[in-house]
Amino acid sequence: MITILKNVRLVDGISTSARPTTLWILGDVISRKGEQAQGRVEAEYDLAGHVVMAGGIDLHTHIGGGKVNLARMLWAKPSAESEKGSVGEGSKPWLGPLSAPVPGTWETGRRYLQMGYTTCIEPAMLPANARQSHAEMQDTPGLDTGGYVVLGNDRMLLRMIAQGVPQEQINDYVGWMVASSSALAIKVVNAGGIDAFKFNQRKLDVDEYHPQWPLTPRDILRTLSRSAEELGLAHPLHVHCSNLGVPGNIESTLATLDAVEGRPIHITHAQYHCYGSQGPHGFSSAAERLADRVNRSSQITLDVGQVLFGQTITLSADTMHQFANRKLAKPAQGIFQDLECQAGCGALPFRYRESQYVHGLQWTIGLELFLRVQDASRIFLTTDHPNGGPFIGYPHLIRLLMDYDFRMSIFDRLHPEVKRVSTLGSLKREYRLDEIAAMTRLGPARALGLRGRGHLMEGAVADLVVYREDEDREQMFAEPRMVFRRGRLVVRDGEVLGEIPKRVLVSEFARREESLRWGREVGNRKAWVEQYGYTPGVTAVGWDELAEGGAEVERAGWHD
Amino acid sequence: MIEFPPRAEHCPFCSLLCELGDVARPQGDWNVLSCAKRLAGQRQAAELRRASEQHATGERSPTSVGDFVTARDWLQSAERVLVTGRIHSVEVSRRVVEIARSLRGTLDRWDSDVSFDTFKAIQTHGAYMTSLAEARDRSDLLLVIGDDSLLESAPGLPESLSRSGIEDSQGGEQARSASVLLLGAWGETGIARWEQAGFRVTAIASQLETLPRMLSLAVREGERQGATSEVSRLLLEAKYTTVVWSPKDLTVSHRDLWISEMMRWILRRNETDRIGALVWNDFGATFHQVCTWTTGYPARVCFNTEVANYRPSEYSAKRWLERNRRNGSLVLWVDETLGDLPVELARSGVRTIAVGSSGLVAQRHGLESSGQELGGESSSKWLRWIPAGVVGVDYVGSMFRGDQTVLARVHPESKETVSGVGHRESLVDCLGRLVAR
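As they're listed, the protein sequences go chains A and Y.
Position 304 of the first sequence, counting from 1, maps to 304 under the numbering used here, and the rest follow consecutively.
Position 127 of the second sequence, counting from 1, maps to 1127 under the numbering used here, and the rest follow consecutively.
Incorrect hints may have been included.
Said to hold, decoys possible - Calculated cross-link-like contacts (lysine to aspartate or glutamate; reagent style EDC-like; alpha-carbon spacing at most 16 Å):
1) A:428 x A:405
2) Y:1318 x Y:1344
3) Y:1120 x Y:1314
4) A:77 x Y:1314
5) A:428 x A:403
6) A:203 x Y:1271
7) Y:1120 x Y:1256
8) A:203 x Y:1273
9) Y:1239 x Y:1273
10) A:327 x Y:1271
11) A:92 x Y:1306
Claimed, not checked - Restraint ranges, calculated between C-beta atoms of paired labels, are given here:
12) A:330 x Y:1313: 17 to 27 Å
13) A:78 x Y:1344: 19 to 29 Å
14) Y:1339 x A:97: 35 to 45 Å
15) Y:1113 x A:351: 28 to 38 Å
Honestly, the hints are just simulated from the structure, not real lab data.
We put the CB at the ideal spot given by N, CA and C, even for glycine.
The shape of chain A in the complex, shown without the other chains (with noise of 0.2 Å):
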């Protein structure tokens, strides 16, 4: 089966295509040479004034597992008593507001389709909760899945370092918790914090011991690198650090990436570890500070957690400080978990408001992040889903990161201080395209190890979308002509046309067999039945089961 689209200008994070040219679909990858294809042509496409790109991966949204699920719980409001004035009615419902700051996992997978993005990464699944995470990504219709296992607070690995176990069995542990979650990389969350906040320590440095163990946030930071590494997993730690929110943090995300001593790694929602400590409220922009450090580092990748303005829930396996933050809550709520000797979470709503001085200095930071990182491809477009706005942002996000002008536009009705002490101004720059190619497509695609993905090389996987080109940046990018899932034409003008199976994304790393006899091996299990109170069985989730449940498994594991 051949679809042809003709006429159509090439973005694919590299380089915009300066002249028209024609793009073949054969099956369900891309050629670039098709006139040489056999097959029947099953559709064709004259797509002058549009534009096409690889289908758009958030490698940080959170988009399944037990902590969604509770902020889903918590937000549930009756429906309008109209029923006709609620969400999905209208001529464009794809472009209207969601449901929830957390939607179902129906509204979830659809709205992210109808924006252009095909493949989602869940970046917090507990081991014990993976069978649930992968439960609501199957149910996430239209999308690629895979999730990051959470450890660097489970209660086995920290006795492992405090007890100086060797790298090497570690790694098989680790290398166990990786496989037996399905999951595609390792995050690290608050590095022994959650665990030391059970044991009422409400602040965790980089350098400071655990109030149980022997042992400080660098040496889990520095264990799980070299795992990460020795395991061969593609994507580096991926790492929430220490102190998230707090004025002055800028100087233990900085430790952080000296933790890993060398080692890739991955900052996570960037924006809310770049605080100084200066300025009228005490608290300052420390991004100029961060966005050096990974200009000077090949090894260090960045998504932002930007900042988008109104109503959200912020939900984070961080318990520390999403307590501490409890009373900043709006409306006044929140739910929090210590959770089976692993980690935490906890969901509090939040609105983002203009002319707060904090809320504006953190949004301009975002941007400062986003405008001071000089290779696109190694700083990826995320609001951290739900936490600093909800993804239907992204097409805005894209439109401050393109439009000067617009992005000054809003800059003005901020706080006053926020105008003054802010660096935002300064910084004319202005994203291309093929930028924005590289930080929502090729980037992630790079830093996740999926070979076939965010690119529009010969082969790659035809997850393709169509934009008609338009100055309004946030226009074009909310409302895509044409998406493509694997060949296939799934949405056309917004209107969800049909869906194709979804793939699992795992990692399949050089250790995986090994790893998976870690948890067969009889002292293991008696050391997981004596944390756990039942077998490591029990909670494992095989690529079988994700297989039964009607998902197809990719294997994830390309080196650059």
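Chain A is fixed; fit chain Y onto it per the hints.
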């Protein structure tokens, strides 16, 4: 062969907790031995199956092609549909959400009032919760509220929370044994069960209604003038307290207010100390979880627009039934348990398609004649039964443990437990056939 002492495992018959022996075999093959409740459930299922097979030879088999066709006709011609029942597995929950969406129907679990009291309470101020393994590992004080009925629904709970006999993680000493403070109306049997699990038990008979206030006062007064009571002393000395209750077994007049007050106290206490609630839910928790993630709401939704409409007071199953006793209404009753059809449903006379084993139970008890009595007309006019298997007995399903943190696969029990139990069509497949176009 190496044997571990009995440990909690997942079970579809006792809130996913029961005592099991976990046995390692040399090849790395592990078997799970069953608990009494699970065995009893399986025997009941087998008995029902035999009854069904005998009945299937008669003229009025519920599985006859004619009845199946009628059920489909009813479904297609219905003007208003309520999808409800006793739904316990992820797989069936997913399917009923899909069906309710495709039929533009209303969706709720039967008897969901207890769950909605909890949701309402948590939405008022919030909650601080903990999980089973966390409580077991970290807690030095378990404050267990209720009475012996908690141990009827979760018989393995004391053993699951006990670290008795486990070596300490640092240095091989015996692990500390947590204290248990039983508050409410515990009987001797219940107290003995906690003691047998290795806990130091203090039982204080107390009024549940005023308990949140009593606990709050005990801490406040203890902080001001030193511990003046046993409750105060235990609470102030504890490093990590776990407060355990089962909403279903709370005998208070306003459950939602009680939970809300208790959660407020727990949240406040966490500002200086560490404490969490271990809320032990009934089987319906799985359905509410799935409904929440697929629709954004825990249940009580109507799919009359593209995105689910959520009205907890209006779209409860029982309220729907009260308001829709007229022609054109249809109840799709989906049951993963071995219970009877509810009397309210039978009395309503609303057309009902019952999928699952409840139909078999009804049949065994001669509901057809009861139907005449209750509905004033033969049940054949309003009821069609489509038998299907039972999760955890006939087919694999995924169910949440009572604390809703671990989603476990529940496998059909091993062959040595109940011989001759065949594998009946799963509920998911059965529902699929029913709604197939």
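Evaluated hints:
1. A:428 x A:405: holds, 9 Å
2. Y:1318 x Y:1344: holds, 8 Å
3. Y:1120 x Y:1314: Roughly 15 Å between the alpha carbons, so the hint for residue 1120 of chain Y and residue 1314 of chain Y holds.
4. A:77 x Y:1314: holds, 13 Å
5. A:428 x A:403: Distance ~9 Å between residue 428 of chain A and residue 403 of chain A Cα, so the pair holds.
6. A:203 x Y:1271: holds, 13 Å
7. Y:1120 x Y:1256: The hint holds at about 6 Å.
8. A:203 x Y:1273: holds, 14 Å
9. Y:1239 x Y:1273: holds, 7 Å
10. A:327 x Y:1271: holds, 11 Å
11. A:92 x Y:1306: Roughly 13 Å between the alpha carbons, so the hint for residue 92 of chain A and residue 1306 of chain Y holds.
12. A:330 x Y:1313: 17 to 27 Å: holds, 25 Å
13. A:78 x Y:1344: 19 to 29 Å: holds, 24 Å
14. Y:1339 x A:97: 35 to 45 Å: holds, 42 Å
15. Y:1113 x A:351: 28 to 38 Å: holds, 32 Å
No hint from the list above goes unmet by this structure.
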